[in-house]
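Colleague: Here's the letter readout for the chains.
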Amino acid sequence: MTENILTVRGLDKRFGGIHVTQAIDFDLRKGEQSAIIGPNGAGKSTFFNLLTGYHRPDRGKILFDGVDITSWPPHRIVKAGISRAFQVSNIFGRMTVHENVRAAVHAHAGVTFRLFAPAARFGGDEVAEALDRCGLAGQADTVAGDLSQGDKKKLELAIALAGRPRLLFLDEPTAGMSIQETEDTMQLVDRLNRELEISVLFTEHDMGVVFNHAQRISLLHRGSFLVAGTPDEIRQNELVKRVYLGEGI
Amino acid sequence: MSRFALPSGHNVARPRLSYLASPMQGTVIAAALGAAIALPFFVGEFWVHVANEILILGLFAMSFNLIYGYMGQISFGHAAFFGVGAYTTAIIIRAPLAETGQIGWGIFLAAILAAPIVSALVAAIVGWFCVRLTGIYFAILTLSFGELLYYIVFQWYSFTGGDDGIQGLRPPAVLMATEGYYYFSLILVAVAAMVVWTITRSPFGYVLRAMRDNQRRAAFLGINVRVHQWANFVIAGAFAGFAGALWGPFGRSVAPGLLGWQKSGEAVFAALIGGANYLLGPMLGAGVFTFLHAFVTKYTEYWPLTIGVVILLLVLFLPGGILSLVPKAWWTRRGASADVPERTKEPVPKS
Amino acid sequence: MEFGFDFVFPQLMAGISRGMLLFLVAAGLSLIFGVMNILNFAHATFWLLGGYIAYSAFTAFGPPSGANPLLVIPATAVAVAALMLLGFGLERVLIRRMYGREVPEQLLLTFALVLIIGDLIKLVWGVEDRSVFLGLPPAVIFGAFINIYYLVIIAVGLAVLAGLYWFLQRTRFGRIVRAAVHSREMVEALGIRIATIYMVVFGLGVGLAALAGGVVLPLTPLALGADIDLIVQCFAVVVVGGFGSVIGTFVAAILIGVTYSFAIFLWPDGALAIIFLFVIAVLVVRPWGLFGTELRT
Chain W
136 MTENILTVRG LDKRFGGIHV TQAIDFDLRK GEQSAIIGPN GAGKSTFFNL
186 LTGYHRPDRG KILFDGVDIT SWPPHRIVKA GISRAFQVSN IFGRMTVHEN
236 VRAAVHAHAG VTFRLFAPAA RFGGDEVAEA LDRCGLAGQA DTVAGDLSQG
286 DKKKLELAIA LAGRPRLLFL DEPTAGMSIQ ETEDTMQLVD RLNRELEISV
336 LFTEHDMGVV FNHAQRISLL HRGSFLVAGT PDEIRQNELV KRVYLGEGI
Chain Z
30 MSRFALPSGH NVARPRLSYL ASPMQGTVIA AALGAAIALP FFVGEFWVHV
80 ANEILILGLF AMSFNLIYGY MGQISFGHAA FFGVGAYTTA IIIRAPLAET
130 GQIGWGIFLA AILAAPIVSA LVAAIVGWFC VRLTGIYFAI LTLSFGELLY
180 YIVFQWYSFT GGDDGIQGLR PPAVLMATEG YYYFSLILVA VAAMVVWTIT
230 RSPFGYVLRA MRDNQRRAAF LGINVRVHQW ANFVIAGAFA GFAGALWGPF
280 GRSVAPGLLG WQKSGEAVFA ALIGGANYLL GPMLGAGVFT FLHAFVTKYT
330 EYWPLTIGVV ILLLVLFLPG GILSLVPKAW WTRRGASADV PERTKEPVPK
380 S
Chain X
161 MEFGFDFVFP QLMAGISRGM LLFLVAAGLS LIFGVMNILN FAHATFWLLG
211 GYIAYSAFTA FGPPSGANPL LVIPATAVAV AALMLLGFGL ERVLIRRMYG
261 REVPEQLLLT FALVLIIGDL IKLVWGVEDR SVFLGLPPAV IFGAFINIYY
311 LVIIAVGLAV LAGLYWFLQR TRFGRIVRAA VHSREMVEAL GIRIATIYMV
361 VFGLGVGLAA LAGGVVLPLT PLALGADIDL IVQCFAVVVV GGFGSVIGTF
411 VAAILIGVTY SFAIFLWPDG ALAIIFLFVI AVLVVRPWGL FGTELRT
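Residue numbers (the working numbering), protein chains in the order written: chain W, 136 to 384; chain Z, 30 to 380; chain X, 161 to 457.
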């Protein structure tokens, strides 16, 4: 039996009487890199928001590595080992790139209540490593708000990595990137998955990216998963073609 | 480890640097401190008194700025903690003063140190509720708590003296002289400012900036936003209480107005005038505010109009405060080398 | 003190009419915040300025005491017209620059207006309290003596409530304003210049404050600093009622007006403290107010 890093059972969320997710069951195996696809409004972002504690589910259970994290607040979920990079880059705009990542490192290291020691004393190596990995080393001193869209997404990833996650959620990790940047970023994600054994769950509009970089793909439609399988199985699936691919890519 | 020098090309409408690496700061601070120490030798008693007022208001404004400039929330009730500190000291030294007309150093210092503790306790209760809200809700809730505390002090005649306040708060003999109290304040305010500076460059200080820039994202770093904001609220309350402690024996009296929204407004103005993005911006702002007040009220009774126009112009045209006028390059003239936050010259009024 | 009907009923009427005054001022405050997302600290200062202008108009038409009571109407009209113009102008010149700026800066700008306008009032009208005296006979209702002018204020409040409701629900412009509360983009997608909406809403809100200033003139003397007392109570009203909700504002205004009018009898210096306690309780338990649906920050 392969162990699940993430197990979701019967997850329900309603906003004003409308089901945004409906009795969702979902499994992610340890070490797996998996993608969620689905048309706009399918509930992908809501699903991530539920998994990371931004919304509370009305019903259902979320297990992370066997631990019930349902309805935990976001900061506790992150501490447990889940990181998230946002679709719309959501960084600390007036701090430098270095300070952005350092804050994440400090949060992970639990030194945020050190009041009387200089921030520079903690986590320099970890910050440098995360910036290196994400190709931001040359921009450590740039104010984050001034970065290009693509670089902001890289910073998102660096911040997410700084928390040393065991599970990483990436919401449209390559949105706004050039073809080259997209390729670089996804290769980085692959490496993180392989070398650091981080389980990855991502959403993506670019089907090329999805089929090349996901070991497993799940189709979310109107708040529930219709199909899940390997890229090949998904490619063959009639339902997927009807629901999703039919919309035109 | 990477060296982070001056952030470059930051060109949004209002630059808000989290800090400037500044080799110039050592020079500037040494010069300012030297000037502050030398001041009583060059100017008359009146201006020493004004400078003392600036020091106390400046520390109060710096404590407010932990919430405003660093954490990104505006409190309209911060004076409550200043006032609670002032009353704490006043009430402790009131009894021995009434008996002997004298106060010993031991009990005087204990009374000064008790103030930040009591203020922190009150801030812990108030802050517990306030940090659940942001933006205007935070502003209105802090205003409401502040005014509530004002009314309590105003009404509680048996304990606080009600609207009469408490008079005759004489410090120990050495401090009765204007210069004596000035140097006493200078030492304590300098030490307190050093502690604030240390906090702002600590990991905690950067968490504050992160919450200012993006509270929701901060939570997704694994930061418990409410707990950190609460801690900062308590710290800011403690420093406000410390500043308040110095106020009573300085003016020889305390009154409920020290807790009111007008007093809170002074901290807001000072931070805005000097520059909320700079550690000593509020101190400089306190200097300009107090100096302006002393100057303008000599010629006209329309002080609110004057300060209103100043605030209006600042908000519209110079939201970064006076310090944002200093070119960023100036701070690094001798090459970046230190990891230090923004600092500037301490305001010293000239006669 | 006897707490019989003779005490309670007139006090209740005073509280309701005070609530109406709060409603007139707070409705504009709430509308401006709902649509423009700007908290106007100076709103009660506009009310006070409106009152002084109405006073000047009234005394230009007749003596401050014993003149024809109907003179209040043109006096109020002058105040409303003047303040609406001022509102349009201020929105164009000042407020417009503040959209998209941070909340603390918006607060500071309108707070600066409080200081400036407050002092300008002092410059123009001086420091003495100003009032007009109509000399209306009291009405006898259920055997109790009631200031007949309370009824006028209550009528005006109800009329404005109905008018606002009609405007927001039934007119095209009102519907656009309501849409603007939810989505700026949607309004622009309809091809309407949001700048126009903002200017009109701000002018209208300020005009409502001036209306309150004129109408209340025969009841309470104008005094410097009265705007500060009123603005904190208006904050209380919009917080309790929920920002952007007209009905919520109305109910909260009556609630707070009545509470205040009894509190001031029981604890004259602490009446405002009770209001603050009320606000704290609501913000702590239900920050989006009794009638609001979501927390906007």
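These are calculated hints, taken from the structure and not from any lab test.
Owing to the predicted nature of the structure, the values given are computational and were not obtained by experimental measurement.
Don't be surprised by glycine CBs; every beta carbon is placed ideally from N, CA and C.
It cannot be assumed that every hint is accurate.
Stated by the list, open to error - Chain X is faced by these chain Z residues, among others (derived, beta-carbon under 10 Å):
| id | residue |
| --- | --- |
| 1 | CYS159 |
| 2 | SER282 |
| 3 | GLY286 |
As the list claims (entries may be wrong) - If you want the footprint, here are the derived chain X segments under chain Z, 3+ residues with CB under 8 Å:
| id | stretch |
| --- | --- |
| 4 | 272-286 |
| 5 | 350-356 |
As the list claims (entries may be wrong) - Here are the simulated distance ranges between beta carbons:
| id | chain 1 | residue 1 | chain 2 | residue 2 | range |
| --- | --- | --- | --- | --- | --- |
| 6 | Z | SER187 | X | ASP166 | 31 to 37 Å |
| 7 | X | GLY249 | Z | VAL325 | 26 to 32 Å |
| 8 | W | ARG377 | X | VAL445 | 46 to 52 Å |
Colleague: Each hint needs a verdict: does it hold in this structure or not?
Modeller: Status of each hint after checking the structure:
About 9 Å separates the beta-carbon of CYS159/Z from the nearest beta-carbon of chain X, less than 10 Å, and the hint is met. Contact between SER282/Z and chain X, as hinted, is not supported at the beta carbon level, the nearest pair being about 21 Å apart and thus beyond 10 Å. Taking 10 Å as the C-beta contact cut-off toward chain X, the hint placing GLY286/Z at the interface is violated, the least distance being around 13 Å. A count of 10 residues in the stretch 272-286 of chain X with a Cβ less than 8 Å from any Cβ of chain Z is obtained; the coverage claim is therefore met, three being the minimum.
Figure legend: the stretch 350-356 of chain X, annotated as covered by chain Z; annotation inconsistent (0 residues with Cβ-Cβ distances under 8 Å, at least 3 required). The hint said 31 to 37 Å for the Cβ distance between SER187/Z and ASP166/X, and at roughly 35 Å that hint holds. Restraint check, GLY249/X to VAL325/Z: a C-beta distance of roughly 27 Å satisfies the suggested window 26 to 32 Å. Taking the beta carbon of each, ARG377/W and VAL445/X are about 49 Å apart, inside 46 to 52 Å as hinted.
Checked against the numbered hints given earlier, the structure breaks hints 2, 3, 5 and satisfies all the rest.
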